[in-house]
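Trainee: Start from the sequences and build out the full structure, keeping to the hints where you can.
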Amino acid sequence: MRFVDEYRDAEKARTLAAKIAALCEPGRHYKFMEVCGCHTHTIYKHGLEDYLPESISLVHGPGCPVCVLPMGRVDDAIALAEQPDVIMTSFGDMMRVPGGRGSFFDSSAAGTDIRMVYSPLDALKIARQNPNKHVIFMAIGMETTAPSTAMTVLRAAAEGIENFSIFCNHVMIVPAIKAILDSPDLRLDGFIGPGHVSTVIGCRPYEYIPAEYGKPIVTAGFEPLDILQSVYMLLQQLVDGRCEVENQYSRVVPWDGNTVALRAMGEVMELRPYFQWRGLGFISHSALQVREKYAAFDAERHFTLPGVRVADPKACQCGEVLKGVLKPWECKVFGTACTPEMPIGTCMVSSEGACAAYYNFGRFSRERIREVSIETSRA
Amino acid sequence: MTHQDTTQQHQADWAEAAVAEHAEGNDAGHLAHAAVGAAPASREQLVLERIDRARRARPRVREKLITLAHGAGGKATQSLIEAIFLDAFRNPLLEPLEDAATVTAGDVQLAFTTDSYVVSPLFFPGGNIGDLAVNGTVNDLAVSGARPAHLSAGFILEEGFPVEDLRRIVASMAAAATAAGVSIVTGDTKVVQRGKGDGCYINTAGVGLITGGLNLGVATARPGDVVIVSGPVGDHGITIMLERGELDLEADLVSDTASVHDLVQGLLDAVGPDVRAMRDATRGGVATILNEVATAAGVAVVVEEEAVPVRPEVRGACELLGIDPLYVACEGRIVVIVDPAAADAAVAALQAHPLGAGATIVGRVAEDPPGLVLLKTGFGGTRIIDLLVGDPLPRIC
Numbered sequence: 494m495r496f497v498d499e500y501r502d503a504e505k506a507r508t509l510a511a512k513i514a515a516l517c518e519p520g521r522h523y524k525f526m527e528v529c530g531c532h533t534h535t536i537y538k539h540g541l542e543d544y545l546p547e548s549i550s551l552v553h554g555p556g557c558p559v560c561v562l563p564m565g566r567v568d569d570a571i572a573l574a575e576q577p578d579v580i581m582t583s584f585g586d587m588m589r590v591p592g593g594r595g596s597f598f599d600s601s602a603a604g605t606d607i608r609m610v611y612s613p614l615d616a617l618k619i620a621r622q623n624p625n626k627h628v629i630f631m632a633i634g635m636e637t638t639a640p641s642t643a644m645t646v647l648r649a650a651a652e653g654i655e656n657f658s659i660f661c662n663h664v665m666i667v668p669a670i671k672a673i674l675d676s677p678d679l680r681l682d683g684f685i686g687p688g689h690v691s692t693v694i695g696c697r698p699y700e701y702i703p704a705e706y707g708k709p710i711v712t713a714g715f716e717p718l719d720i721l722q723s724v725y726m727l728l729q730q731l732v733d734g735r736c737e738v739e740n741q742y743s744r745v746v747p748w749d750g751n752t753v754a755l756r757a758m759g760e761v762m763e764l765r766p767y768f769q770w771r772g773l774g775f776i777s778h779s780a781l782q783v784r785e786k787y788a789a790f791d792a793e794r795h796f797t798l799p800g801v802r803v804a805d806p807k808a809c810q811c812g813e814v815l816k817g818v819l820k821p822w823e824c825k826v827f828g829t830a831c832t833p834e835m836p837i838g839t840c841m842v843s844s845e846g847a848c849a850a851y852y853n854f855g856r857f858s859r860e861r862i863r864e865v866s867i868e869t870s871r872a
Numbered sequence: 025m026t027h028q029d030t031t032q033q034h035q036a037d038w039a040e041a042a043v044a045e046h047a048e049g050n051d052a053g054h055l056a057h058a059a060v061g062a063a064p065a066s067r068e069q070l071v072l073e074r075i076d077r078a079r080r081a082r083p084r085v086r087e088k089l090i091t092l093a094h095g096a097g098g099k100a101t102q103s104l105i106e107a108i109f110l111d112a113f114r115n116p117l118l119e120p121l122e123d124a125a126t127v128t129a130g131d132v133q134l135a136f137t138t139d140s141y142v143v144s145p146l147f148f149p150g151g152n153i154g155d156l157a158v159n160g161t162v163n164d165l166a167v168s169g170a171r172p173a174h175l176s177a178g179f180i181l182e183e184g185f186p187v188e189d190l191r192r193i194v195a196s197m198a199a200a201a202t203a204a205g206v207s208i209v210t211g212d213t214k215v216v217q218r219g220k221g222d223g224c225y226i227n228t229a230g231v232g233l234i235t236g237g238l239n240l241g242v243a244t245a246r247p248g249d250v251v252i253v254s255g256p257v258g259d260h261g262i263t264i265m266l267e268r269g270e271l272d273l274e275a276d277l278v279s280d281t282a283s284v285h286d287l288v289q290g291l292l293d294a295v296g297p298d299v300r301a302m303r304d305a306t307r308g309g310v311a312t313i314l315n316e317v318a319t320a321a322g323v324a325v326v327v328e329e330e331a332v333p334v335r336p337e338v339r340g341a342c343e344l345l346g347i348d349p350l351y352v353a354c355e356g357r358i359v360v361i362v363d364p365a366a367a368d369a370a371v372a373a374l375q376a377h378p379l380g381a382g383a384t385i386v387g388r389v390a391e392d393p394p395g396l397v398l399l400k401t402g403f404g405g406t407r408i409i410d411l412l413v414g415d416p417l418p419r420i421c
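From first to last, the protein sequence lines are chains A and B. Position in the first sequence (from 1) plus 493 gives the number in our numbering. Position in the second sequence (from 1) plus 24 gives the number in our numbering.
Any given hint could be a false lead.
Said to hold, decoys possible - Result set (DSSO-like, lysine-lysine): computed pairs, CA atoms no more than 30 Å apart in a straight line:
(1) A:Lys524 to A:Lys708
(2) A:Lys626 to B:Lys88
(3) A:Lys820 to A:Lys708
(4) A:Lys708 to A:Lys512
(5) A:Lys671 to A:Lys820
(6) A:Lys618 to B:Lys220
(7) A:Lys807 to B:Lys88
(8) B:Lys220 to A:Lys626
(9) A:Lys671 to A:Lys524
Stated by the list, open to error - Only some residues are given here: those of chain A computed to face chain B with a beta carbon under 8 Å:
(10) Phe598
(11) Ala602
(12) Tyr611
(13) Trp822
(14) Glu834
(15) Ser858
In case anyone wonders, no lab produced these hints; they're calculated from the structure. The structure presented is a predicted model; accordingly, all values stated were derived computationally and were not measured. Backbone N, C-alpha and C fix where the C-beta goes; we use that ideal spot for every residue, glycine too.
Mentor: In structure tokens, the structure reads:
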């Protein structure tokens with residue numbers, strides 16, 4: 494398939510892997526964080542770690558919007574869905590995310606009207622078709638999805654639709670990366686920068702990372718060769734003694750971002766003073782809320798939310814996983830109490846969560862697999 | 025940077041309970057964490073073994089209510105079947121949980137199966153619920169090594185359902201039955217109030233005659249065996265998703281619904297004694313079947329991603345939706361596990377039939393690691409193909 498296969502070429506991967514191995518300084522260990530959950534997904538889905546030398550480890554970062562949503566916000570969303578004559582709409586990823594009292598799936602089984610949509614515009618369509626109901630869109634995501642939420646609110650305002658609102662949980666990646674850089678228990682050699690977010694915000698917002706923290710960052714695409722190439726570019730920076738923001742994903746990411754999208758976001762939303770991230774705690778100016786001007790489309794103003802904080806289960810180590818301090822399998826409940834069927838931590842829910850990716854795709858010993866593949870290729 | 029929070033904090037009781045339940049018998053886990061001095065690889069190995077034990081534990085249904093995940097064909101369905109149905113009905117004929125049960129009447133061996141059909145929309149490119157209801161049950165009999173003979177048909181109709189639609193559905197059933205050489209010999213009709221059903225649900229049951237004296241079953245797979253699929257996978261599932269119109273995607277795709285009894289007969293005539301198991305890849309796709317093989321036989325199944333036939337339209341839709349074609353439903357494809365010596369003859373026999381024109385070897389059975397399905401990715405890496413949790417949900421970014 495065009496535009497896909499050329500980025501998954503095994504021959505090119507072998508060439509790139511050899512170049513990567515050649516750049517590694519003997520005896521040195523490298524730790525790079527891929528910020529974005531989609532990168533984590535790609536790495537495991539394609540078995541990319543098979544190409545990396547043992548001296549390079551990839552650490553999975555906080556860029557999975559589902560994973561960082563605290564339980565209390567899920568409970569708030571379910572409380573909204575339980576209001577009379579409300580239709581709650583949500584992306585599919587959200588359906589199984591557990592709150593303190595269960596997930597959207599559980600709530601739907603108990604009788605609330607929760608529907609899966611593929612775009613916020615679909616939620617608006619449901620509002621048009623159901624004038625006697627109030628339709629709420631569970632808006633989650635980083636800067637990647639915030640513009641489409643904003644455009645939907647603008648469309649609703651232009652059409653004068655009164656039975657539609659959003660429950661805004663949009664978060665921003667830059668403050669989260671900063672929180673990780675400020676965290677004392679982490680030593681990183683560089684970042685594989687979030688490609689999707691960068692299609693909206695561009696590469697400029699990352700300039701503080703090399704400037705203030707002395708870490709290189711390469712904005713990367715989502716095919717396996719993109720990631721392999723960005724690892725190569727990070728190593729090359731270290732070898733050259735450079736430390737800067739580079740754009741591997743230039744076929745999609747403009748340096749200055751998408752100004753139309755940014756304008757729509759700025760028109761409808763503003764920064765919250767602070768927001769709770771699961772596992773990372775409260776981070777100032779790290780999330781978006783609906784501006785006063787569009788209050789009519791803000792579910793938080795329409796309804797009274799319980800707003801009860803739910804403590805993360807004590808055994809759950811999602812926070813350490815999200816900060817890259819622990820590998821998923823190092824968490825005490827990984828794979829036993831916490832599985833994709835019954836996730837205790839959010840990293841186990843979304844296909845982009847590090848724990849789910851490791852459990853679903855990588856739960857085997859690579860040593861033993863090497864023996865298997867030799868055996869089967871001989872057979 | 026941080027904000028002092030004064031709001032009341034609650035605890036997620038269900039999560040604490042789950043952790044407590046697993047805390048017992050978790051010595052290996054503590055070991056893994058205690059053994060900090062040990063090499064990471066061996067610590068990881070301990071954790072993998074702990075997970076393996078947790079997966080082999082008796083399945084339980086923890087939910088208080090049935091959710092859609094219980095019907096999606098993945099882990100939740102499996103837990104429901106084993107913890108609720110098998111637990112209550114347990115007997116040696118049911119226990120293998122094969123597509124059809126083998127029952128003996130005098131010196132005659134019969135395969136007996138049933139299936140219900142609730143597809144939405146009822147009509148789709150390539151067929152309708154009636155075709156599915158006949159072909160699905162015929163196929164369950166055929167892959168059990170039986171010659172399909174007689175079917176029953178039960179209808180649950182919703183008040184207000186157009187009779188003309190029912191006529192179309194029933195005409196399709198009659199045509200599919202004729203094509204499969206079976207007769208529909210008994211039936212039942214119920215009508216429910218408007219709003220209590222989705223137009224039309226169908227249940228079919230079927231019996232077939234087992235003559236070959238074959239010992240088929242996923243548990244008989246052994247290392248070295250070859251895995252064959254009979255054609256491109258995922259056509260039915262993607263056709264239905266597109267037809268629902270929720271995706272605003274269009275493609276020239278039709279469902280692959282067909283009865284495979286003739287295809288299976290050709291295969292058994294050619295290499296019958298060398299066939300270990302056959303399954304029709306319906307809900308849960310090829311991946312679910314291969315997991316059943318790995319679990320039941322205690323073997324590994326290794327699949328080559330590039331060898332799996334997938335139509336470009338199906339692959340394109342799957343890429344957009346972030347789902348894996350290996351999990352997408354087919355309605356006329358079979359997966360065959362066969363002795364390596366007979367692999368080429370088996371592929372040739374399948375290819376000789378129009379429904380098997382795209383038949384090809386996609387993988388092999390290996391010894392280690394037992395119970396896992398591994399995929400050699402087109403990119404050149406390795407990963408697991410696990411049982412699906414719930415429906416394949418689209419990813420958001």
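Trainee: Would you mind marking each hint as holding or not holding in the structure?
Mentor: So, going through the hints one by one against the coordinates:
1. A:Lys524 to A:Lys708: OK: lysine 524 of chain A and lysine 708 of chain A at ~11 Å, within 30 Å.
2. A:Lys626 to B:Lys88: 28 Å, holds
3. A:Lys820 to A:Lys708: Holds. Lysine 820 of chain A to lysine 708 of chain A sits at ~21 Å (cutoff 30 Å).
4. A:Lys708 to A:Lys512: 22 Å, holds
5. A:Lys671 to A:Lys820: 20 Å, holds
6. A:Lys618 to B:Lys220: Holds, at about 25 Å.
7. A:Lys807 to B:Lys88: Measuring from Cα to Cα gives roughly 24 Å; hence the hint holds.
8. B:Lys220 to A:Lys626: Holds: lysine 220 of chain B and lysine 626 of chain A sit about 22 Å apart, inside 30 Å.
9. A:Lys671 to A:Lys524: 17 Å, holds
10. Phe598: 5 Å, holds
11. Ala602: Given a least distance of 4 Å, the restraint on alanine 602 of chain A holds.
12. Tyr611: At 6 Å from the nearest chain B Cβ, tyrosine 611 of chain A passes the 8 Å test, so the hint holds.
13. Trp822: Interface hint status for tryptophan 822 of chain A: holds (5 Å vs cutoff 8 Å).
14. Glu834: The hint holds - glutamate 834 of chain A has a Cβ within 8 Å of chain B, the shortest such distance being about 5 Å.
15. Ser858: The hint holds - serine 858 of chain A has a Cβ within 8 Å of chain B, the shortest such distance being about 6 Å.
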